[in-house]
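Below, each chain spelled out in residue letters.
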Amino acid sequence: MIKELHLKNILEVKNLTKFYLVKRHPFELKKRPLPAVVNFSLTLRQGELFGLVGESGCGKSTLGKLILLLETPDQGEIKWKGQDITKLSSRELKAWRRRCQPIFQDPLASLNPRQTVEQILEEPLVVHNLFRGKRLRQRKITRILQEVGLPAHFKKRYPHELSGGQRQRVTIARALILEPEFIVADEPTSALDVSVQAQIVNLLLDIQKSRNITYLFISHDLSLVAHIADRIGVMYMGQLVEIMARRHFQTNHHPYTECLLKAIPSFGKKPLSPVLGEPPNPLKLPPGCPYQTRCPYKKRVCSQEKPALKQITGGHLIACHLF
Amino acid sequence: MLLRVENLRVWFQNDQNWVKALSGISFELNQSESIGIVGESGSGKSVTALAILRLLPEKGMRIKGKVWFEDKDIYALSSQELCRLRGKKIAMIFQDPLTALNPVFTVGEQVSECLRYHYNLSKSQAKEQTIKIFQDVGIPAPESRFFAYPHQLSGGMRQRVMIAMALALRPKILIADEPTTALDVTIQAQILKLLQEIKDRQKMSLVFISHDLTVVAQIVERVLVMYAGAIIESGSLKQVCESPLHPYTQGLLNSIPRIEEISQEKRRLPVLCGERQEREIGCPFYGRCPKKMSICLKERPPFKEPISGHKVACWLYD
Ligand SMILES: Nc1ncnc2c1ncn2[C@@H]1O[C@H](COP(=O)(O)OP(=O)(O)OP(=O)(O)O)[C@@H](O)[C@H]1O
Ligand SMILES: Nc1ncnc2c1ncn2[C@@H]1O[C@H](COP(=O)(O)OP(=O)(O)OP(=O)(O)O)[C@@H](O)[C@H]1O
Ligand SMILES: [Mg+2]
Ligand SMILES: [Mg+2]
Chain W
1 MIKELHLKNI
11 LEVKNLTKFY
21 LVKRHPFELK
31 KRPLPAVVNF
41 SLTLRQGELF
51 GLVGESGCGK
61 STLGKLILLL
71 ETPDQGEIKW
81 KGQDITKLSS
91 RELKAWRRRC
101 QPIFQDPLAS
111 LNPRQTVEQI
121 LEEPLVVHNL
131 FRGKRLRQRK
141 ITRILQEVGL
151 PAHFKKRYPH
161 ELSGGQRQRV
171 TIARALILEP
181 EFIVADEPTS
191 ALDVSVQAQI
201 VNLLLDIQKS
211 RNITYLFISH
221 DLSLVAHIAD
231 RIGVMYMGQL
241 VEIMARRHFQ
251 TNHHPYTECL
261 LKAIPSFGKK
271 PLSPVLGEPP
281 NPLKLPPGCP
291 YQTRCPYKKR
301 VCSQEKPALK
311 QITGGHLIAC
321 HLF
Chain Y
1 MLLRVENLRV
11 WFQNDQNWVK
21 ALSGISFELN
31 QSESIGIVGE
41 SGSGKSVTAL
51 AILRLLPEKG
61 MRIKGKVWFE
71 DKDIYALSSQ
81 ELCRLRGKKI
91 AMIFQDPLTA
101 LNPVFTVGEQ
111 VSECLRYHYN
121 LSKSQAKEQT
131 IKIFQDVGIP
141 APESRFFAYP
151 HQLSGGMRQR
161 VMIAMALALR
171 PKILIADEPT
181 TALDVTIQAQ
191 ILKLLQEIKD
201 RQKMSLVFIS
211 HDLTVVAQIV
221 ERVLVMYAGA
231 IIESGSLKQV
241 CESPLHPYTQ
251 GLLNSIPRIE
261 EISQEKRRLP
271 VLCGERQERE
281 IGCPFYGRCP
291 KKMSICLKER
301 PPFKEPISGH
311 KVACWLYD
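Protein chains in written order, with this note's numbering: chain W, 1 to 323; chain Y, 1 to 318.
There's no promise every hint is true.
[Unchecked claim] Below, a list of computed lysine-lysine pairs in the DSS-like style, where the Cα atoms sit at most 25 Å apart: (1) Y/Lys238 <-> W/Lys209; (2) W/Lys262 <-> Y/Lys193; (3) Y/Lys203 <-> Y/Lys266; (4) W/Lys262 <-> Y/Lys72; (5) W/Lys284 <-> W/Lys306; (6) W/Lys156 <-> W/Lys134; (7) Y/Lys89 <-> Y/Lys203; (8) W/Lys262 <-> Y/Lys127; (9) Y/Lys72 <-> Y/Lys88; (10) W/Lys299 <-> W/Lys310; (11) Y/Lys72 <-> Y/Lys89; (12) W/Lys87 <-> W/Lys8; (13) W/Lys79 <-> W/Lys14; (14) W/Lys94 <-> W/Lys140; (15) Y/Lys88 <-> Y/Lys193; (16) W/Lys8 <-> Y/Lys266; (17) W/Lys298 <-> Y/Lys193; (18) W/Lys30 <-> W/Lys8; (19) Y/Lys199 <-> W/Lys262; (20) Y/Lys238 <-> Y/Lys199; (21) W/Lys14 <-> W/Lys306.
Quick caveat, the hints were computed from the structure, so don't treat them as lab data.
With these hints in hand, go ahead and build the complete structure from the sequences.
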């Protein structure tokens, strides 16, 4: 509790909004705006692991891409240590890209199949003009491979000669080699088996500790995130419906979080019958609360007014008219 | 006995070499029983499922062993008999419904064609039947969904269509290969509930395949744990999940982040170290095993039954 107060705010996202223009079918002339991220505000603190969860299509990856500046927002600002990074010059942008590194779900797709591990790891050093000279770079690469738990002779291997877990270690090494302060990890373990997942997650936790890195950890797996995150955000239809710290996990939650928790399979319990149906079509969201179409506690006000994120107790925020 | 798999071995050709994918799978399935097959990626779960239905490619594949359905040897059936068996006696649903559904026909057409082929129904009878089945599997507005193309449906709806198609012919056995892996937890819970209801209602047997033991635990009575192409542990759900015998199963259960065990303090997850390596002799789990002994390197452990109904292939229980 006291520790939290001392943590510095490092990234501030304010009212971030992103619409994609989509056609409902290939022959439609008119494109419709699909809200992927809507009025999203979030503050990350130095050195924390913030877990962002939600169903497929709720906008988690879009948020990650916006922060990585791989997509441009329609509205809102992203501040890193007080500076708005959406308005950077190209030089400042390069520096930002070094500080903030991505790790994606599918390591095979994000690694060049024609490069060896060594070339993959050397490239960012060359691009950013770090560790000049082959010898220095070599030493750095060996050290980083060791840090992510790969033997040095893996340098000469190609991605297809590695297992899924080893590939993910290479992408982590590639992210770490630039000594970033912030990592956006978008479902880094979704393609892996549970036993390998545990290894990778532990590696990320060790790095968090040893290097004081801040993480935005995106996942659809609430039970995984609940084990490893310092704080958790629950996203629904492009919006945050709940933000909580670890210590709020056993308390009351947003009806959607409650439903996610109930739907997680576990031993010794049969799946409770979740009443809710399918998520609504994002192109046809009703006014008011985005969750009203599936919510068992829906009241009149829910279809009239959109609930804002409100503080329930210190550091626990919920966007719901019930609270 | 409805289904009996006897010492099934499968090899695939890789360049000039034959690589073993299954090394001696045996199990039995009774009427209205449900078993789960769990194991990590590449352990041979799908190959087992496909081998039962004789769906493995004939080129570059070698198979030994027997699969019995009732009293018939599936690998001795004529192609016509095999056609009748697939779908009508044993049906299968696949992990990715989009690849299993034909994109150019509406989902209604696909299910009703299947009914017409097997039952000689008229077009309108088949359509009526299809709409009824759609209703049974919980597809809202089934009349209008009849005319939907696969890509117009959500992942959960497509999986319901797959289930509808599999159930249309009232099979005795349903083999479900990772039917919920591509779905969100909320939709997964709905599909699991649906499968459970249908199983109970139709007294159908179920083979449920997943890499996730917690998912399997929601629906089956008996579990087979696979590792490197072999069954290394089998028993009732309770036996395997509450008192696992094999070090692999123990490690697997440990590394699952369980929602009941969230603590105030953040901590690392317990891990099962290392990754699978191919081994010709000895125990396939040797390289990763925390309890390995010298015999494990030399000889493959036999599949024994140290506790009634609970089998394991591990030298610790010899
Ligand atoms: N490039 C794009 N063009 C059009 N629509 C897009 C694009 N990228 C994403 N979308 C849409 O935006 C919404 C949010 O997508 P996003 O990928 O952020 O979801 P997600 O939460 O990461 O889901 P998942 O868990 O499946 O990865 C979805 O409805 C998606 O279809
Ligand atoms: N048609 C094929 N040709 C060659 N090898 C194959 C073929 N099908 C499967 N294999 C190999 O057989 C082994 C077992 O594969 P299988 O698909 O049964 O794994 P699985 O347990 O279903 O894994 P997953 O959880 O990833 O679906 C793998 O090593 C795979 O590469
Ligand atoms: Mg995503
Ligand atoms: Mg498979």
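Evaluated hints:
In summary, the hint linking Y/Lys238 to W/Lys209 is not supported, as the alpha carbons are separated by about 38 Å, beyond the 25 Å threshold. For the given pair, W/Lys262 sits about 13 Å from Y/Lys193 by alpha-carbon distance, which is consistent with the 25 Å threshold. The hinted pair formed by Y/Lys203 and Y/Lys266 fails the criterion: a straight-line CA distance of about 45 Å is larger than 25 Å. A C-alpha spacing of about 43 Å is found between W/Lys262 and Y/Lys72, which places the hinted pair above 25 Å, so the restraint is violated.
With a C-alpha separation of about 15 Å, the suggested pairing of W/Lys284 with W/Lys306 holds against the 25 Å cut-off. A hinted pair counts as satisfied when its Cα atoms are at most 25 Å apart, and W/Lys156 with W/Lys134 qualifies at roughly 15 Å. Between the alpha carbons of Y/Lys89 and Y/Lys203 the distance comes to roughly 13 Å, so the proposed pair stays at or under 25 Å and holds. Between the alpha carbons of W/Lys262 and Y/Lys127 the distance comes to roughly 37 Å, so the proposed pair goes past 25 Å and is violated.
Taken as a hint, the Y/Lys72 and Y/Lys88 pair is honoured in the structure, with Cα atoms around 15 Å apart against an allowance of 25 Å. A threshold of 25 Å between alpha carbons decides the hint, and for W/Lys299 with W/Lys310 the separation of about 18 Å falls inside it, so the pair holds. A hinted pair counts as satisfied when its Cα atoms are at most 25 Å apart, and Y/Lys72 with Y/Lys89 qualifies at roughly 12 Å. Taken as a hint, the W/Lys87 and W/Lys8 pair is honoured in the structure, with Cα atoms around 23 Å apart against an allowance of 25 Å.
The straight-line distance between the Cα atoms of W/Lys79 and W/Lys14 is roughly 8 Å, inside the 25 Å bound, and the hint therefore holds. A distance of roughly 21 Å separates the Cα atoms of W/Lys94 and W/Lys140; the hinted pair therefore holds under the 25 Å criterion. Restraint check: the Cα-Cα separation between Y/Lys88 and Y/Lys193 comes to about 23 Å, which is no more than 25 Å; the hinted pair holds. A distance of roughly 20 Å separates the Cα atoms of W/Lys8 and Y/Lys266; the hinted pair therefore holds under the 25 Å criterion.
For the given pair, W/Lys298 sits about 24 Å from Y/Lys193 by alpha-carbon distance, which is consistent with the 25 Å threshold. Proposed proximity of W/Lys30 and W/Lys8 is contradicted: the alpha carbons are some 46 Å apart, above 25 Å. Taking the CA atoms of Y/Lys199 and W/Lys262, the gap is about 23 Å. The hint holds against a cut of 25 Å. About 20 Å separates the Cα atoms of Y/Lys238 and Y/Lys199, which keeps this hinted pair within 25 Å; it holds.
The suggested pairing of W/Lys14 with W/Lys306 holds, with an alpha-carbon distance near 18 Å, which does not exceed 25 Å.
Checked against the numbered hints above, the structure breaks hints 1, 3, 4, 8, 18 and satisfies the rest.
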